[in-house]
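Enquirer: Sequence:
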Amino acid sequence: MKSSNRVATGVIAAGHPKTAEAAEITLRAGGNAFDAVVAGFFAACVCEPVLASLGGGGFLLARPAAAEPLLYDFFAHTPGRSRAPEGLDFHPIVADFGTTTQEFHIGLGSIAVPGNVAGMFAIHRDLGRMPLTEVVEPAVSFARQGVAMNSLQSYIFDVVGAIYLASAASRALFSRADEPDRLIGEGELLRMRQFADFTEVLAREGEGLFYRGEIAERIAADHAAGGGHLSARDLAQYRVGRRAPLESDYRGLRILTNPPPSSGGLLIAFALRLLEHEGVRGASFGSLDHLLGIAEAMRLTNKARLDARLQELPFEQHETRVLGHEFVERYRAQVATRTSSTRGTTHISVVDRAGDVASMTVSNGEGSSYVVPGTGVMLNNMLGEEDLNPEGFHRWRPGERISSMMAPTLLIDPAGTLTACGSGGSNRIRTAILQFLLNRVDFGMSLEQAVVSPRIHHEGALLSLEPGFDEAVMDALRERFPEQHRWQEPNLFFGGVHAASLESGGRRLDAVGDPRRGGVHRIVA
251 MKSSNRVATG
261 VIAAGHPKTA
271 EAAEITLRAG
281 GNAFDAVVAG
291 FFAACVCEPV
301 LASLGGGGFL
311 LARPAAAEPL
321 LYDFFAHTPG
331 RSRAPEGLDF
341 HPIVADFGTT
351 TQEFHIGLGS
361 IAVPGNVAGM
371 FAIHRDLGRM
381 PLTEVVEPAV
391 SFARQGVAMN
401 SLQSYIFDVV
411 GAIYLASAAS
421 RALFSRADEP
431 DRLIGEGELL
441 RMRQFADFTE
451 VLAREGEGLF
461 YRGEIAERIA
471 ADHAAGGGHL
481 SARDLAQYRV
491 GRRAPLESDY
501 RGLRILTNPP
511 PSSGGLLIAF
521 ALRLLEHEGV
531 RGASFGSLDH
541 LLGIAEAMRL
551 TNKARLDARL
561 QELPFEQHET
571 RVLGHEFVER
581 YRAQVATRTS
591 STRGTTHISV
601 VDRAGDVASM
611 TVSNGEGSSY
621 VVPGTGVMLN
631 NMLGEEDLNP
641 EGFHRWRPGE
651 RISSMMAPTL
661 LIDPAGTLTA
671 CGSGGSNRIR
681 TAILQFLLNR
691 VDFGMSLEQA
701 VVSPRIHHEG
711 ALLSLEPGFD
721 EAVMDALRER
731 FPEQHRWQEP
741 NLFFGGVHAA
751 SLESGGRRLD
761 AVGDPRRGGV
771 HRIVA
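The letter at position 413 of the sequence shown is residue 663 when you use my numbering, and the numbering goes up by one with no holes.
Among the hints, erroneous ones may be present.
[Said to hold, decoys possible] Each pair of labels, with its calculated beta carbon distance range:
#	residue 1	residue 2	range
1	432	391	22 to 28 Å
2	758	736	23 to 29 Å
3	334	504	28 to 34 Å
4	447	712	44 to 50 Å
5	379	696	31 to 37 Å
6	725	526	26 to 32 Å
7	733	455	49 to 55 Å
8	526	318	37 to 43 Å
9	346	775	40 to 46 Å
10	346	316	19 to 25 Å
11	316	447	36 to 42 Å
12	279	725	40 to 46 Å
13	711	645	41 to 47 Å
14	334	455	34 to 40 Å
Please keep in mind that the hints were generated in silico from the structure rather than gathered at the bench. Idealized CB from N, CA, C, for every residue including glycine.
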């Protein structure tokens, strides 16, 4: 899970061995951290196909060694017009997580304007140094040769199988050749030859092929005829956002994360402010004070998210509303007076010896089941996710960036050590990253300890706890949090923090992949 090297060229933490391998190949070929993270993304589309797709969206927190940090927002965008619900291809499926089920909506009417293609080209154009045709070579090779499904990816296929069997095009890509009604299972090869061919052409011709060329025309025609919202204009007008990261301090350390209009970074910063004065410092990890403190901060952050009514404000005012002194103090007082007492995301962190830092989180939702003909690319179902549509389905505002919990994050200590991190996990993204940051700062944990230590998550009235905490402490928590679910083993439910770090002066590079989400690391000598 973890390793370090004082003379390494770079380090990588990712959610699949092939994702990390693609990034490693790129670093060894002379690429920098940004070339490597783009290579890792294209590979993830092959080896983590539910979690990463050219048809989805995401974010990169980039910290070039010789420039200011910058957040690239290439998340999904709402279409310019909303089609009447009665004319939509929009229908529910049930995802079975084993211990619980969840309803999602799929079909052409669930698709928002995808941003991953534009994002990769923007990142490469601004920050990369290798030709893109070379950057995508590992992914193209994996797609043609096939990648054996591992246990985690097979499990994810089982969870969302109803989506990937819902259309003939999706079945052709992901089902067994001899059993078209069953998805590829653990140990079996997933080959994506159309994806390989399309990726090669895309790298040569540019993103215009996807957003303004024949691919855009086909997407728009299929949506018009089949009950979707997307038009050729929506695709042609898509733009990558470049923003200054949201910056906050916690006990003298600098934290950079995803700013509004996304909410994950904002809510992490809010929770840290609640905990800074009356938090967990001085408590031992796993103690009653520790767990009460972070559980209460999670509960109040959920409440603040609703109380802030951010949907009523332009996103430029979100930071002022949530992190304003009066608003924070109202909730901080409640922490201080406490009784003493899959989603479809993946993350890649890359740091190179020069000091370039890339922290990228991407998502395809769960996938819409619509595959763009001839490409091997399934588009997202962002308009069919309840979490992303809190005001209800079909009530989104046209032409806006969708808010997200994804929060690629960078921690900078006073000595200059850089730690890049991020997580998948829907609403658990922010609580996973919050606990990782607290473990590093308040408990002084190593990178590995900070990632693998047990976590909790509070949502609604339910407190979920991973194994590893003392039974007596969990029993004592019932006074304040009577509804509990105690997991029997660590689980991807609690996110997957893939982290990489560089000590000041380049003395040491370190990386950890979270085992909850198949995490791996690579050290590139």
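Enquirer: For each hint, tell me whether it holds in the structure or not.
Expert: Evaluated hints:
For residue 432 paired with residue 391, a C-beta distance near 27 Å keeps the hint of 22 to 28 Å intact. Taking 23 to 29 Å as the suggested C-beta distance range, the pair residue 758 and residue 736 does not conform, at roughly 37 Å. A hinted range of 28 to 34 Å is violated for the C-beta pair residue 334 and residue 504, which are about 48 Å apart. Distance hint check for residue 447 and residue 712: the Cβ-Cβ separation is about 46 Å, which falls inside the suggested range of 44 to 50 Å.
Between residue 379 and residue 696 the beta carbon distance is about 32 Å. The supplied range of 31 to 37 Å therefore holds. As the Cβ distance of residue 725 to residue 526 is approximately 29 Å, the hint placing it in 26 to 32 Å holds. Range check, residue 733 to residue 455: Cβ separation about 54 Å, and the 49 to 55 Å hint holds. The hinted window of 37 to 43 Å between residue 526 and residue 318 is violated, with their beta carbons roughly 25 Å apart.
Judged by the Cβ atoms, the range 40 to 46 Å given for residue 346 and residue 775 holds: they are separated by roughly 43 Å. A C-beta distance of roughly 49 Å is found between residue 346 and residue 316, which places it outside the suggested range of 19 to 25 Å. Hint check: residue 316 to residue 447, Cβ distance near 37 Å, so the stated range 36 to 42 Å holds. Range check, residue 279 to residue 725: about 55 Å between beta-carbon atoms, so the 40 to 46 Å window is missed.
For residue 711 and residue 645, the Cβ-Cβ distance of about 26 Å falls outside the hinted range of 41 to 47 Å, so the restraint is violated. For residue 334 and residue 455, the hinted distance range of 34 to 40 Å is satisfied, since their beta carbons lie about 36 Å from each other.
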